[in-house]
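Read top to bottom, the protein sequences are chains A and B.
Under numbering that gives the first Met the number 0, the letters of the first sequence match residues 0 to 664, in that order.
Under numbering that gives the first Met the number 0, the letters of the second sequence match residues 0 to 267, in that order.
These aren't lab readings, by the way, just hints derived from the structure by calculation.
Even for Gly, the Cβ is constructed at its ideal location relative to N, Cα and C.
One or more of the hints may lead you astray.
[As the list claims (entries may be wrong)] Pair by pair, the computed Cβ-Cβ distance ranges are:
| id | chain 1 | residue 1 | chain 2 | residue 2 | range |
| --- | --- | --- | --- | --- | --- |
| 1 | A | 581 | B | 38 | 45 to 51 Å |
| 2 | A | 8 | B | 207 | 21 to 27 Å |
| 3 | A | 65 | B | 38 | 51 to 57 Å |
| 4 | A | 234 | B | 122 | 52 to 58 Å |
[Stated by the list, open to error] Quick look at which bits of chain B chain A covers, simulated, 3 or more residues with Cβ under 8 Å:
| id | region |
| --- | --- |
| 5 | 27-38 |
| 6 | 120-132 |
| 7 | 150-160 |
| 8 | 257-265 |
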Amino acid sequence: MILRDDRFSEKVSPYLRPNFPYVCGRAAAWGKPCHNGPTADGSCGGTSECHPYNEGGRWICRRPPSAGGPCSEGPLPDGSCCKTLTACQPRRTVRKVRGRVSVMVAAVVIAAIAAFGFDFGNQEQVASSLDAGPLSSIHQNFTSEQGCNACHAAHGSGALGWLEAAMTKSGPSDNCTNCHQFKNPVNGPHNSALISASHPGSTSCTMCHTEHKGADANIVKMDDAQCNSCHKAKFASFATNHKEFSETYPFGQRTAIAFNHSSHFGKHFKDARYSKNAPANGCVGCHNVALAERNVPVRGFDDTCAGCHQDTVAGREFVMFTFPEFEENPIDIEDIIESPGGTLAAAAKATQDLQGEVEKLAETTGSASSKAIVEEIKTILADLGDRVGSEEADEEFEPISSETLSPVSAELLGVNGEEVGEYAEATKTLVEGVLENGVTALAELVDEAGGNPDSLLRGLSNSTVVPAFTAWAANKEYEAAGETIEKGWYANELSLVYRATAHGDPVMKAWLDYAAQNGSESLNEAFLSRTDGAGACTKCHAVSSTETDKNADKNKKVALKVEWKSHPADGSPLVKYSHKPHVNLLGPGSWCTSCHKINEKAEFSAAFNQLDPHKFSSNFSSVKKGTCVECHGGGQVSQTCTTCHEYHQEPGFKKTMMRQVAGKK
Amino acid sequence: MTKNISILSIFGVIALIVVGYNAQKMDLNLQNSSVLTGYTLIAVMLCVALLNTRKKLSMIPLGKASSWVVFHVVGGLLCVGLFWVHTNTFWPRGLYEGFLAGAFYLVSLSGIFGYLIQRLNSRKLTETGIEVIYERIPLELREIQEKAEEYIRECTEATGSDVLANHYLNTMVWYFQKPRFYWSTLFGAGNAKVWFRSEGASVKRYLSSEELDYFQHLEELVELKMLVDTHFVHQNLNKKWLLLHVPLSVGLVIMALWHLLLVEVYAL
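Could you build all of it, start to finish, from the sequences and the hints given here?
Quick look at the structure:
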């Protein structure tokens with residue numbers, strides 16, 4: 000009984016087996032449990048009260064004291080117990096039940112994984128354990144064709160593929176660049192080769208961008224703390240710790256256009272002669288605020304500068320060819336005539352053909368200038384005819400020209416244009432070539448000199464070239480018949496000249512680019528000089544060195560470039576700033592001068608007399624950090640790193656992705 | 000054990016802080032902290048799950064069972080913290096991850112529930128003043144019933160009255176057969192006592208003074224059975240909650256291993 004002190008004595012208590020997986024069926028039914036209890040295999044062990052043992056040929060009762068001790072009847076003759084009981088049905092213990100339930104749960108989980116653990120590519124499949132959650136809205140359309148394979152190469156690759164993927168590092172970042180592209184190195188910090196060189200180690204897309212967070216998830220979010228983890232200069236906020244901007248901020252180099260704000264606003268726009276052309280609304284008169292982004296683009300030349308500088312462009316032509324002085328007659332008329340295919344014969348033929356065409360034009364239009372050209376050609380042909388067979392050719396040669404070869408021609412021919420002994424033969428060959436093949440000879444010359452004839456000689460025709468060269472071959476000055484329109488290509492007296500037709504003249508730009516990239520000192524002087532350069536282009540457009548390496552050989556010829564288009568003031572690729580919201584916020588009246596204040600002391604123009612764009616003096620005082628902090632410092636306006644800085648450089652999409660998008664449409 | 004849990008909890012909190020700090024540091028360095036937190040979580044989960052194995056290997060000296068329980072409790076709580084550090088959310092996206100989180104929470108909650116009821120039950124069992132081995136309860140109840148029936152026979156033989164015997168057969172035998180008033184006993188409502196007094200009051204007025212002595216013995220046995228019933232109810236609960244906790248833990252470990260495989264194949 001429970002209150003007995005000796006209740007656990009072997010004389011009163013049966014032997015309990017708490018680790019046995021079964022309990023007595025009678026006890027489970029709240030009856031009196033038998034003394035023996037169930038067996039290990041779950042069968043009833045209490046069908047008899049004892050298991051007699053044989054000693055010396057006699058069976059002896061083994062009923063334990065706790066069950067009453069040996070019975071008086073003793074074992075039966077066959078050795079079995081005389082007290083038999085009805086067998087019970089032992090029941091599993093709670094522990095046993097728990098074990099079985101655990102096995103069942105494990106089986107259910109494994110079966111569920113087998114059933115739903117894989118993506119079988121079946122559209123009717125209800126669910127898959129591979130479904131890690133919905134993609135962001137910007138990515139979810141790109142998996143419709145390839146499915147998970149669009150990002151996960153191991154998907155559907157079978158057991159071996161999974162094993163390989165598990166054993167190797169092959170995350171989804173590898174496939175991001177199938178669509179996305181960045182400046183190289185793609186996996187370098189900030190896509191910067193410079194930073195990568197000093198900070199070895201690669202980055203991966205999933206460091207910052209984690210997918211499967213839902214359609215509306217922001218997968219580009221980056222905290223300031225993440226920036227601080229790499230950057231040595233750590234700070235709590237822009238207002239408190241960010242370093243002061245550079246002394247020239249936001250300008251990292253001089254502007255592409257040498258527009259001196261200081262002199263224009265301080266002097267020219269106040270001059271009564273030009274004040275009517277001054278921009279009516281200040282800065283926005285020239286800068287197009289509607290297109291404001293990081294840069295506020297300048298309106299076109301015609302809308303801004305043309306009011307005062309329209310005539311400047313056409314004021315400076317360049318001479319492509321000047322018929323130079325010769326010591327002896329370079330063109331032997333007799334030889335040309337005697338030769339059936341001679342150059343003079345060809346020139347005469349070409350001139351006659353030209354005459355025919357111009358006569359037709361003159362008859363059709365009745366134009367006085369056309370008739371004048373016809374007369375001029377007739378004169379040249381008559382003069383040619385007179386000279387053939389005459390003794391004039393044998394007389395002492397008196398050169399019609401006392402000029403030197405133009406720098407452009409000298410550059411193209413590769414001769415010294417000042418020394419007749421050097422240029423005579425080359426020039427003679429050129430003249431003969433033009434007489435024989437017209438513009439084609441000049442085109443070949445340009446091509447051999449590394450230029451592009453299509454752009455450099457655009458608009459130049461035989462009608463301009465052949466009569467002039469024919470006259471010069473005859474040791475005559477060329478006099479254009481009628482009134483010469485001195486724009487574009489034209490020949491006059493001893494020169495073949497080009498004069499820009501308007502701002503942005505493509506031929507003039509092509510010659511400046513050619514001179515910048517290939518030109519000699521004399522050619523640069525002819526085209527790129529701010530004071531005398533052809534077209535006066537470089538009066539406003541900066542000419543910069545393309546050489547960025549400070550250690551470059553100073554004796555090496557440095558390629559230049561003419562900066563035709565304006566560029567953002569701050570070239571830093573990791574800074575982002577949009578003028579538009581700021582202008583809208585400040586509103587009319589405050590406009591640009593809230594931040595950009597003209598520095599009248601700056602020697603702005605001097606920076607354009609040299610080639611290094613980074614040596615400059617801005618027209619404007621630098622924008623100070625405090626100016627930004629006025630708004631981005633009080634907590635009302637964002638001042639996180641990514642407010643003003645980008646992580647990636649030159650982000651974009653590959654054509655394959657664009658084709659995919661187009662295919663879907 | 001409470002003291003040990005408190006001490007070990009300090010180490011658990013320190014471990015959680017260390018892992019959380021390093022995870023945050025990795026995040027700040029744009030490294031994948033999920034690898035650290037995930038592998039730590041599953042390692043602690045597997046260690047915690049070893050308690051069940053330890054119980055099956057009682058023949059091997061693997062430390063005190065109470066120490067294992069302390070580790071199990073603290074480790075389990077550490078898992079909850081690690082889970083949140085790992086997922087950075089209460090409920091992760093993704094169907095499978097949702098099931099995994101559900102299983103984790105069920106295991107955690109059932110574990111916390113089990114720990115609490117064991118703490119409460121042990122106090123209640125101590126308050127009974129007797130010790131009863133769970134496996135012996137059927138035997139104890141049977142012996143109490145036999146003792147009660149012995150008293151009834153003695154009463155009938157000594158007094159020649161069958162009033163108490165009839166009362167026993169009609170009413171009390173039901174009570175002595177097995178544990179009664181399970182929920183009342185579990186929540187300490189005392190329905191058994193009320194029931195016995197109510198039933199006893201209806202018969203006591205018919206009993207002689209000699210029979211009342213026997214009735215007094217019977218009442219003592221009823222009170223003893225109430226204590227045994229209390230042991231049964233609370234010990235039973237101490238065992239039955241594991242029917243939820245252990246199988247769920249097995250399922251959770253399998254699901255976590257599958258999750259680990261998927262992560263290794265698809266994300267790392």
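Right, here's what the structure says about each hint:
One distance hint, 45 to 51 Å for the beta-carbon pair residue 581 of chain A and residue 38 of chain B, holds here, with the actual separation near 48 Å. Restraint check, residue 8 of chain A to residue 207 of chain B: a C-beta distance of roughly 38 Å breaks the suggested window 21 to 27 Å. Restraint check, residue 65 of chain A to residue 38 of chain B: a C-beta distance of roughly 54 Å satisfies the suggested window 51 to 57 Å. The hint said 52 to 58 Å for the Cβ distance between residue 234 of chain A and residue 122 of chain B, and at roughly 56 Å that hint holds.
Only residues whose beta carbon comes within less than 8 Å of a beta carbon in chain A count, and the region 27-38 of chain B has 5; three or more means the coverage holds. For the region 120-132 of chain B, the stated coverage by chain A holds: 3 residues have a C-beta nearer than 8 Å to a C-beta of that chain, and at least 3 were required. Judged by the Cβ-Cβ criterion of 8 Å, the region 150-160 of chain B is not covered by chain A as claimed, because only 0 of its residues qualify and three are needed. With 6 residues carrying a beta carbon less than 8 Å from a beta carbon of chain A, the region 257-265 of chain B meets the three-residue requirement, and the given coverage holds.
Checked against the numbered hints given earlier, this structure breaks hints 2 and 7; the rest are met.
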